[in-house]
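Trainee: Which chain is which? The protein sequence lines are A and B, in order. Number 481 marks the last residue of the first sequence (this note's numbering); no jumps. Number 328 marks the last residue of the second sequence (this note's numbering); no jumps.
Hints listed in this document are in silico derivations from the structure and should not be mistaken for laboratory results. Glycine residues also receive a C-beta, built at the ideal position from the N, C-alpha and C atoms. Misleading hints may appear alongside valid ones.
List time: in silico DSSO-like cross-link candidates among lysine-lysine, alpha-carbon distance up to 30 Å [to be verified]: (1) A:357 - A:204; (2) B:185 - B:199; (3) A:34 - A:311; (4) A:204 - B:185; (5) A:174 - A:311; (6) B:185 - B:321; (7) B:321 - A:204; (8) B:199 - A:204; (9) B:199 - B:321.
Quick partial rundown of chain A residues pointing at chain B, CB under 7 Å, derived from the structure [said to hold, decoys possible]: (10) 289; (11) 291; (12) 292; (13) 295; (14) 296; (15) 299; (16) 300; (17) 303; (18) 452; (19) 455; (20) 459; (21) 463; (22) 467; (23) 470.
Simulated coverage check for chain B against chain A, where a stretch passes if three residues somewhere in it have a Cβ under 8 Å from a Cβ of chain A [to be verified]: (24) 34 to 44; (25) 236 to 242; (26) 303 to 310.
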Amino acid sequence: MRTRLVTVLLSVIAAIMVIPGIAAADAAGGESLKGQIRAPGSSDEGVEGIDIAVSQDGDEIGTATTDTDGEWEVEVPEAGDYHVVLDQESIPDEYELLEKPAGAERDVTVQEGRPFFVVYRLVPQGEAQAEASPSESESADDEEDAAGGAEPAAEEEGVVEAPGVSEGASFGEKFIGLAVAGIIFGLIIAISSVGLSLIFGTTKMINFAHGDMVTFGAMMAMMFSSMTLFSTVHEALAGIPVLGFIANPLVLGLILAVVCGGVLGVVLERFLWRPLRGRNVALIQMFIVTIGVSLVLRHLMLAVFGERRNKYAQFRIQEMLHFGPVSITPRDLVILLVSIGVLILVASMLQFTRIGKAMRAVADNRDLAESSGIDVNRVTLYVWGLGGSLSALGGVFLGLNQTVYWQMGFHLLLLMFAGVILGGLGTAYGAMVGGLAIGLIAQLSTLWFSPQLMNAWALAIMIIVLLVRPQGILGRRERVG
Amino acid sequence: MDLLQILTVSIETAIGPIAAIYVLAAIGLNIHFGYTGLLNFGQVGFMLVGAYGVAVSVTTFDLPLWLGLLASIVCAAILALLLGIPTLRLRADYLAIATIAVAEVLRLLYRAQFARPITGGVYGRNSFADGFYGINPIPPGSYGIGDVDFSADELWLMVVVWGLVAAALGITAALMHSPWGRVIKGIREDEDAVRSLGKDAFVYKMQSLVLGGVFGGLAGAMIALNQQNITPDQFMPQVTFYLWAMLLLGGAARTWGPVLGPVVMWFLLTAFDELLRSLASMDIVPFLETSQIGALRHAFVGLALILLIVYRPQGLIGDRKEMLVNVK
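Chain A extracted, bound-state conformation:
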């Protein structure tokens, strides 16, 4: 009993250490957002009359219009994150904005005491598509150099935005906004971690590469959705209501990404894990191999796709829909509904179909399942396929909801672990419940604490669960020590 008391005390101390100190007052300085928009093909000729608006958390901070030299500047009150929008309507007809690598809308972080340069590039009308092709990577490099004052390292890692939650809102409004964002985030965690939990259940292996399978899905969708083939298909079908939506490059990209994710899972199981199990490699060693796989996957994606944060070009700018006190973009609403649909489908598959029952049986007790005639290797293969495609789906949704970058999956992996442990390691339903709870906890914690600590709170929950109920909410009580 006394050791229990000591452990609880120590965890309280740990929690206190996590609580933020008092932030120092920001130093006064000349923070502003500025830039110069030049005519294509010239080094000093500016373009006049382009409107730019700067906002923070939905509140407008200021607007600017480029002068005769194409220069503009918006003073901002303090260092922080701002949202910059260039009004595409105000660009003269002979030019258009180069959408790659970032579009008309940017999220930027202003440092204390210095201006932040936002670079927009114009190209002659009709050339944006051609110039955005990957063969001309030089233009992107120029932009990086020109952005002198920008510090990509200062971008907030691991922080998840909650759109539709503004600074000035009342507690109730904020609560509802964050709860909606939390549910969406939680559903994404749940979808991604069902596979993680089932893989642990069937093979007793913790898949540290699962986060990178999430990134893989998001990157695949990014690659497919920016292919010109799909945009031409979409243009041909754009008028037709349902077909037009299905033929949207991103929707097609999502479907292909899910297929690719499933294939990746199956290939890993068939050509790596099954042979390793055949060689009687110990579990500890298997963990290290999953880490090796995650390093290879993550850095190959970094080498191929670069370290830039991207957003999907489709469905980026959307009007909020209002349902009573709840405001949500149609994009997030679709994510919400599709996620719930997919989770219900997966749950009913696990509950009612033959293969689903077999999966649960193998996860419950591999030896018993094998001796009652289940082909354990086949079931494991299906579990990897299911896990891979679900994580890819979660990755696309996360990319749609936030941004796509090479570490997105690794950051989500920590939350997935928290969710899976909270729900019960090895159970599919536990992963769903736990993921949802972790998403909600992470978002709602920003009501009281800094958003930079979202992950820390999710982790604190995980440690408390390990202390009081290591088998998780839905896990069966067994010896885990």
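Model the placement of chain B on the given structure of chain A, informed by the hints.
Mentor: Positioned in the frame of chain A, the structure of chain B alone reads:
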């Protein structure tokens, strides 16, 4: 392409301060994993608190350097206690998850906005190592054989770090041949058997976690002294995985394994790096930009980890039988 140049740079890295620092951290990891069987995937967390122990004490609180080093050790020990208490009673996989998560969250905490008054946030801390280089007894100049040479400051740091490595090796070897070490190795082989002999496995595991963590913290403090400028973002989880690859390459549960591994690995990595770089600059390999070399190097380490485990789990000088332990 100048092969001699590549060879020189690789040798300098392999015996230089950075390799020595990784040796120190790998010795800590060897105590955790090699001898006790603990799956610590967050060794970089210990290095982080160690590095900031020095940097924060000297710059933020104006303490002398030796107190800073003491603070590093204390911080690493506290982190080990906090990590161990909830997880050491559970199965090994729980410790693995908790360590990887805690190390990453620590990095996020240290770079957070509210921590800036203490840790300097994303900009980190710098100019705290003057006290260390001020007592450098080696007269300025360049020392070495042939093209392999080091400056006086580098040499001073190398002497200190390799000295620490020697001390750590001595401590580890002495401990592992003592009754304490036999209990520790017993825990790795069969925890229940150790319990049945009346030993409290939890306490022993905790002592091992603290000891290895302190070595990790010291390695972090040496990183701080080496660079004289630290930011949280250099303590990425990849550092831990590098350490794992190095330890497994050298051979876990061997006194000299964690020394051999990092030296060989740094030699290979630098050679790989320099080779790719010179190939890229000569435009021999298409589609290869210099910015991708770092990423490819990480991927190479990942591949090395997989191949090592599959084909030679005992590493260069390990004992295969010792590495066939299974988690219950």
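Trainee: Each hint needs a verdict: does it hold in this structure or not?
Mentor: Hints, one by one, checked against the model:
1. A:357 - A:204: The given pair, whose Cα atoms are some 18 Å apart, holds under the 30 Å limit.
2. B:185 - B:199: Within the cut-off at roughly 13 Å; holds.
3. A:34 - A:311: 22 Å, holds
4. A:204 - B:185: 24 Å, holds
5. A:174 - A:311: Measuring from Cα to Cα gives roughly 25 Å; hence the hint holds.
6. B:185 - B:321: The hint holds at about 13 Å.
7. B:321 - A:204: 22 Å, holds
8. B:199 - A:204: Since the Cα atoms of residue 199 (chain B) and residue 204 (chain A) sit roughly 28 Å apart, the hinted pair holds (cutoff 30 Å).
9. B:199 - B:321: 24 Å, holds
10. 289: 5 Å, holds
11. 291: Where the cut-off is 7 Å and the nearest Cβ of chain B is about 6 Å from residue 291 (chain A), the hint holds.
12. 292: 3 Å, holds
13. 295: 3 Å, holds
14. 296: 4 Å, holds
15. 299: At about 4 Å, which falls below the 7 Å cut-off, the nearest Cβ of chain B leaves the hint on residue 299 (chain A) intact, so it holds.
16. 300: 5 Å, holds
17. 303: Residue 303 (chain A) check passes; min Cβ-Cβ to chain B is 4 Å, inside 7 Å.
18. 452: Nearest chain B Cβ about 4 Å off; hint holds.
19. 455: This interface hint holds because 6 Å falls under the 7 Å limit.
20. 459: 5 Å, holds
21. 463: Holds. Min distance 5 Å.
22. 467: Holds. Min distance 5 Å.
23. 470: 5 Å, holds
24. 34 to 44: Per the Cβ count (3), the hint holds.
25. 236 to 242: This one holds; 3 residues, not fewer than the three required, reach chain A with a Cβ under 8 Å.
26. 303 to 310: With 6 residues in contact (Cβ-Cβ under 8 Å with chain A), the coverage given for the stretch 303 to 310 of chain B holds.
Violated hints are absent here; each numbered hint is respected by the structure.
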